[in-house]
Every structure is written in structure tokens, then in C-alpha cells.
Amino acid sequence: MIKFLKQVIFYSISFGIIIWFYGFAINHIYNNGSYFKSQWINSIKNKSVDCVIIGNSRASLISLNEEKIDYLNLGHDGVGMKITYIQLHSYFKNKNNSKYVLLQGDYLSFNKIDDKRRSPRWLPYFSDPVIFKLLKNEHKIFKLHTFFPAINYILFKYDWGLASLINNVLEISESPWGKRGYFNVCDKYIDKGPEGSVDFKNHKQDLIWVDKINNLCKENNSELIIVTAPYYKMQDSVTDTNSFKAGLKEKNISYYDFSRQFSGISPFFRDNNHLNCYGADAFEKVLSNEILQIINK
Amino acid sequence: MLFNSLDFAIFLPIVFLLYWFVSQKNLRLQNALIVLASYVFYGWWDWRFLSLIIFSTVVDYLIGKRLRTEDKQSKRKKLLWTSIIVNLGFLGFFKYYNFFLENFVDAFSFFGMQINANSLNIILPVGISFYTFQTLSYTIDVYRKKLEPTKDFMAFSAFVCFFPQLVAGPIERATNLLPQFYKKRTFEYHKAVDGMRQILWGLFKKVVIADNCAEFANQIFNNSADMNGSTLVLGAIFFTFQIYGDFSGYSDIAIGTSRLFGFDLKQNFATPYFSRDIAEFWRRWHISLSTWFRDYLYIPLGGSRGGTWMKVRNTFAIFLVSGFWHGANWTFIIWGALNVIYFLPLLLTNNNRKNLGVVAEGKLLPSFRELFAMLTTFTLTVFAWIFFRAENLSHAFNYVKFIFIPRRDVFESYTFTSLEYFNITTTLLLIGLLIFIEWLTRDYKHPLSFLSNYKVNYLFKYFVYLTLIFLIFLFGNFIDNKQFIYFQF
Numbered sequence: 001m002i003k004f005l006k007q008v009i010f011y012s013i014s015f016g017i018i019i020w021f022y023g024f025a026i027n028h029i030y031n032n033g034s035y036f037k038s039q040w041i042n043s044i045k046n047k048s049v050d051c052v053i054i055g056n057s058r059a060s061l062i063s064l065n066e067e068k069i070d071y072l073n074l075g076h077d078g079v080g081m082k083i084t085y086i087q088l089h090s091y092f093k094n095k096n097n098s099k100y101v102l103l104q105g106d107y108l109s110f111n112k113i114d115d116k117r118r119s120p121r122w123l124p125y126f127s128d129p130v131i132f133k134l135l136k137n138e139h140k141i142f143k144l145h146t147f148f149p150a151i152n153y154i155l156f157k158y159d160w161g162l163a164s165l166i167n168n169v170l171e172i173s174e175s176p177w178g179k180r181g182y183f184n185v186c187d188k189y190i191d192k193g194p195e196g197s198v199d200f201k202n203h204k205q206d207l208i209w210v211d212k213i214n215n216l217c218k219e220n221n222s223e224l225i226i227v228t229a230p231y232y233k234m235q236d237s238v239t240d241t242n243s244f245k246a247g248l249k250e251k252n253i254s255y256y257d258f259s260r261q262f263s264g265i266s267p268f269f270r271d272n273n274h275l276n277c278y279g280a281d282a283f284e285k286v287l288s289n290e291i292l293q294i295i296n297k
Numbered sequence: 298m299l300f301n302s303l304d305f306a307i308f309l310p311i312v313f314l315l316y317w318f319v320s321q322k323n324l325r326l327q328n329a330l331i332v333l334a335s336y337v338f339y340g341w342w343d344w345r346f347l348s349l350i351i352f353s354t355v356v357d358y359l360i361g362k363r364l365r366t367e368d369k370q371s372k373r374k375k376l377l378w379t380s381i382i383v384n385l386g387f388l389g390f391f392k393y394y395n396f397f398l399e400n401f402v403d404a405f406s407f408f409g410m411q412i413n414a415n416s417l418n419i420i421l422p423v424g425i426s427f428y429t430f431q432t433l434s435y436t437i438d439v440y441r442k443k444l445e446p447t448k449d450f451m452a453f454s455a456f457v458c459f460f461p462q463l464v465a466g467p468i469e470r471a472t473n474l475l476p477q478f479y480k481k482r483t484f485e486y487h488k489a490v491d492g493m494r495q496i497l498w499g500l501f502k503k504v505v506i507a508d509n510c511a512e513f514a515n516q517i518f519n520n521s522a523d524m525n526g527s528t529l530v531l532g533a534i535f536f537t538f539q540i541y542g543d544f545s546g547y548s549d550i551a552i553g554t555s556r557l558f559g560f561d562l563k564q565n566f567a568t569p570y571f572s573r574d575i576a577e578f579w580r581r582w583h584i585s586l587s588t589w590f591r592d593y594l595y596i597p598l599g600g601s602r603g604g605t606w607m608k609v610r611n612t613f614a615i616f617l618v619s620g621f622w623h624g625a626n627w628t629f630i631i632w633g634a635l636n637v638i639y640f641l642p643l644l645l646t647n648n649n650r651k652n653l654g655v656v657a658e659g660k661l662l663p664s665f666r667e668l669f670a671m672l673t674t675f676t677l678t679v680f681a682w683i684f685f686r687a688e689n690l691s692h693a694f695n696y697v698k699f700i701f702i703p704r705r706d707v708f709e710s711y712t713f714t715s716l717e718y719f720n721i722t723t724t725l726l727l728i729g730l731l732i733f734i735e736w737l738t739r740d741y742k743h744p745l746s747f748l749s750n751y752k753v754n755y756l757f758k759y760f761v762y763l764t765l766i767f768l769i770f771l772f773g774n775f776i777d778n779k780q781f782i783y784f785q786f
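The listed protein sequences derive, respectively, from chains A and B. With my numbering, letter number 134 in the first sequence gets 134, and the count goes up by one each step, no holes. To convert a position in the second sequence, counted from 1, into my numbering, add 297.
Source of the hints: derived by calculation from the structure; they are not laboratory data. Take these hints with a grain of salt, some might be off.
[Said to hold, decoys possible] Cβ-Cβ distance ranges computed for the label pairs, FRET-style:
#1 A/LEU170 - B/PRO663: 52 to 58 Å
#2 B/ILE732 - A/LYS116: 35 to 41 Å
#3 B/LEU763 - A/SER266: 39 to 45 Å
#4 A/PRO176 - B/PHE397: 49 to 55 Å
#5 A/ILE9 - B/SER320: 20 to 26 Å
#6 B/ARG650 - A/GLU174: 56 to 62 Å
[Said to hold, decoys possible] Computed list of lysine-lysine pairs in DSS-like fashion (alpha-carbon distance at most 25 Å, straight line):
#7 A/LYS3 - B/LYS488
#8 B/LYS488 - A/LYS6
#9 B/LYS660 - A/LYS3
A virtual CB, placed ideally from N, CA and C, is assigned to each residue, including glycine.
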């Protein structure tokens, strides 16, 4: 019996050690990759641009006139405000700078602090204390990442499966983010059409994360601009919108509301909240004009 | 509690240590610990249904006791029927009530009569089909005087609820398992090591093979109307390996776990996809159920002793009941019927016991004839699995239709992402690895048992263990634990 238990313990410990080393090895590989948006952002170094765009899926669809504005889109679908903050933090951390930071959002998205879904994509960067502090509670097991990274890579296979590992080592698939980082959804969603609508009523207003992002911008000599991208159909409350605008004005943050810019024009949307490529092209013109005016001031 | 869960990874060492260190000196205490551990294991899923197991245990124990003293045949028969009615009554109510009700209503409406009958929202207790058959085997064997009725209630309770095989088999016979509860178990190093190896192999089959195949089998079956023929064939092949990896993996873990506690369960799978005909397949697939039906249904019905008509009737009975045992759905009955169609020509030409040994015994490769026979049997099995997996009959028939009828319109409607293509290729390679290993070790009870040979180098053993554990970690889905398919039966 003792011999058996000794064997079980020996094998458990030796496999544990091997897997422990494996975790650090793949952490290093993923840290230097560029496939996921988190990796793509972290691969940008020593860059200086006119404008960076941050935020969720509605932000990731935004493009600007690249002949006149040098910009990067750091936005990604499925993220909340913590990762939105981290997008900008990671960009500045790597000695990049930008004159303006364009945060896409509204008083609904600024309340979304749940980042369970996309937080595993930031695992390779948990050695950064800011990122670790913000995301460590998104999944219980994240807290072990510093000591035993393998466990998170084993658990979050959706993001970090074998395909990811091979792709990061051999770079088989090119990063889908291209030069600017915006997400082109023209091919996939063109026929889907708008669905549903957003109910903006009764949402508690909270600008804590806007303040944090604004402070980060100031620390890096950048100016924060908030933009609400178009919706197909709106059901917001005038009182809430006005109070939101007043809140931003108090903080001296420029705000541009395009939420009704293409209201009811279904060929411009893939669903209620998201523009398709035609909508994104049309919005590019409108937004670029505004941004150019700000830059030329 | 699932074998591939963190709960079980904590539960098993605790029970193991208590079993061998605390209760080792007292047999009754050891059996009581098994009962307690088994009730915790089962209650982890839903403690309310423990009452069914306890009731079934008490009824069969008391009937067994009465059968010991009762000599009058008519009374013995009544006692046997009481056990059958109680056990099959539970099974019938929880598993088949809604099926019969719906079909009853449909049949009446077919003749223009409308009946208002509401189906009940019944939860199927996990493992009910397994433990009811196990307890029935006890009563039938006692009735037939093949087994001495037990006087030890604790041993009998442990036999009914023994946690490694409680929820998905193997369905043990009282003649094999019950006497093991009477004897003092002593720890055997080689048995325990081999048990660990079998657990490892079972986990590999479940986590690496079955769960990865399940990903694409589900995707293809759920979107079968949008898939082209070759993708549908691929879906059926994925399900073929999913169900094998899932169920035989469960059996391996169950047998391996039992060995850790000093018990020997019967082999439940013996490389069934290397069978050269469907009769051989059924001697190698879910052996504990096939032999159960053989001994308690086929042989009492007359077996193959009577004339041709009798043989055909009995074969139909055994396969249809086997299909129906798997679930209250016409798809399972058609699956059973297909197997009869495959089996009958062999039976009627007296070729059903032609391939009794291991294929290509002592050789590295099969002959062309053997390879052709294996591929034919495999193809027939894959085809039958389509019915087993389909949601309903129309889904199954459409699935089959779309395999054979080319449709130009579907090529654009469903596409896999490049990542999915990569994962499909990886899964096919893993299936290839499984086939390769099982082929090389087809003479053994489980592939890793060859490592018990003293000639095998220690470093090689270490390499095999490490590779399997690594594959389990690399491919296992530990967040969204996938249930074993056979839990639903």
C-alpha cells in the first residue's frame, strides 16, 4: 500500500512539475504572439498616432479616413469597462502615444463591468500588476496564474487550445487585425438585418470608469473624446441622456452622439447595435470629419 | 458526480484512504463505507432519487430472503414477479410513461378519436436502467437456484449501489460481484496499479476522444439540414467514436476504480470496431448488457433451440428490447431493428459464431479479407448509429437522405471556420491514434495493461503516462463538463 501511495505521489509531483514548466513556456509563447486582440495590442510598440479607438464590439467596427488620420482601433467585442481600460493601459505601457483617445460608449455600456467572457484572452499579460489587479476576480482560478499558469491555459481551451498554440508558434494564420485593428464584418453579416432594440430606460448612471480612463489619458498627455456610434433603433430616455451629457460636460470631456445618425436605415446595420460594412463606411466619413475638425483646431 | 470532474478527483482519494486505512480490518465496516460513499456519489446528482435505490434494495433483499425458505413453485413465482414488477415498474414509469402516453394519444387520433392526456414532467433518475437490471439479475438467479440468497443486508446494499458502476455499468451479475462483498479485501499492489492505468486510459477515451468528437458530432447533427453529404458522413463517424470513447471510457474508469478497492468487474468492451461481423460486434460491445439479455431474455424465450421462426422471433425480441432499453424513442427501436437485419443472415446461415477469437491473432496486420470484413461491419455500425443519435425519426431519415442525395443548395449555407477545420483535423488524428493503440493491444483487456509486463522499460512507462496525461490536459474540457451519454439510459 505504501509503495503504491509513494508511486502515486511520485507521479503526481513529477507530472505537476512538468506541467508547471509547460505553463510558463506557453505563457512566454503567447506573450509574444499577435493573433488575439489582446496580443495584437501588446505587439504595438513605440508608435505615435493621432487617435486610438477603445471600447467594445461597437467600437471595434469603427474606421477613420486613414489618409488624413493616423489611427489604431483597439476595441474588441464582448468586453466591459475593465478591459476597455486595459486596452488603453497596454497601449500606453509599451511607450506608444496618441493625441486623442476615442472611447465609444453610452451610459449603458459604461455600466458594464463584467469581463468574464474575454478576460482569459489577457492571461499572458497577467504579470502586469494593473491587468492582474483588474481581472483577477473575473474567474476564481485566475488568482493562481502567477504561480501555476498551466492551469488557466488548460481550463480556457476556447481561447488557448492546441490550435492557438500551434498558430502562435508557427504563425500559420495571419492576425485578423491588419494594420489598423478594426473589425470588418461585411461578408458575414450583410444579409442578417437589424433585430431587436435596446431599452435604455432605468439604467443607473455611473461614470467611474470614464473617470479612470480620463485620468489615464491625462497621465499620457492625451485627450479623451467620447462617441456614441449609431443604433438602428433607440429607446433611450431624454432625462437620462441629458444627465449623461451634463455629467461629461462637468468633467470637460467632449461628447459626440451619433446614436440616431442612421436611425431606421436597415442596409447599414447587421443587427440593432452593430453597423455592417456599408454602415461602417458611411460612419467613417461622418466621424472622420468631426475628428479632423478637432485635430485641426 | 462525474468521473471527469474535480469533485470526483477529491472524492476518490478520500474514500480510498478511509477504505484501506480506517475500515480495512472490519469487513462490515468496509461494506458500510462503500454504501455510504456510493450514496454520497449518487446523491451528489440528486439525493431525492436515493430513495428509489434504497427501496429497490430492500424489496429485492426481502424477496431473496423469502425465496430461500419458500419451496412452493407458485409462491416462488409470485415473489419473482413482485421483484420484476417493482423494478420494471420504476423503470417503466420514469423512463417510458411519457413515450407510451404520447404514442397512445397519437394512435387514437389516427383513428379520429381525440384523447386529452397530459404528459408528466418526469426526471429520469440517473442509472435507473443499470441498477434495476443488476438487482433483477440477483432475484432471477436466486429464483433459479443459481445463487444462494444473501443474509448480509450491508453486502447486498453495497452490491446494488457500488459507486464505480452504479450509474452506467457494467451491469454486474450477482453471481460475480456479490460474493466479492463477503470476502475480506486485501490491498494488491499490481491490481491497484493496473486499475490506475485503466482509469487513465478511460479518461483519455472520454476526455480526448469522446468530448472532442462530441463537439463536431453535435454541430453536424444539429445543423444536418444545412450540411452536404460528406460532412454528414463525417458527423456519423464522429458520433461513432464519441459513443465508443464515452461509454467504453466510462466502463474503463469504473473497472479501474473497482480494482483500486479490490474488486474485479467484468470486461464491458473488447475493441468492438475491429469486429468482422455484427455478431462479433455484439460480443464485444456493451458485453454486460448483451449477456444480460442473452441469459434473462433470449435463452428463456427458447434461444436458438427451436426452429427458424423461433430463432427469428427471439433475435427480434432481444434487439428490439435492447434498443428500447436505451431510450423511449422510436429511433432506438429502429436502431435495434437495423441490428436484427444485420444479424439475421448470420444466424440463419449458422455463421453467427464464426469469429470468436481476436482478429489477426499473432499478426501485425490483418489479411485483406479481414480488413474488408472489419470495414463492412464498421460501415453498417456507423449507419445504425445515425438512428441512435438522431432526435427523432424524421431527423434520422432526412440525415440518411441528405447523405445519398447531392444537394447543390447547401454548399454555401453552412461553413466551418478555419479554426474548426483545424480542430476537425486534430480530432481525426486523435481517432487515428486511438485506433492504432487499440489495434496493437487488441489481445489485452485494456491497452495499458501491456505495461504490467516486467520487460517493459520503466522510462517507456513513464513516457506513456506522461503523454496520456498531457493529452488529457491539452484536449480535456474541464469547465463545461460533458456528461457521459449512457447516464441518460
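Open item on the list: Hint compliance check: list the failing hint numbers for this structure, sorted ascending.
Closed with: 1, 3 and 9
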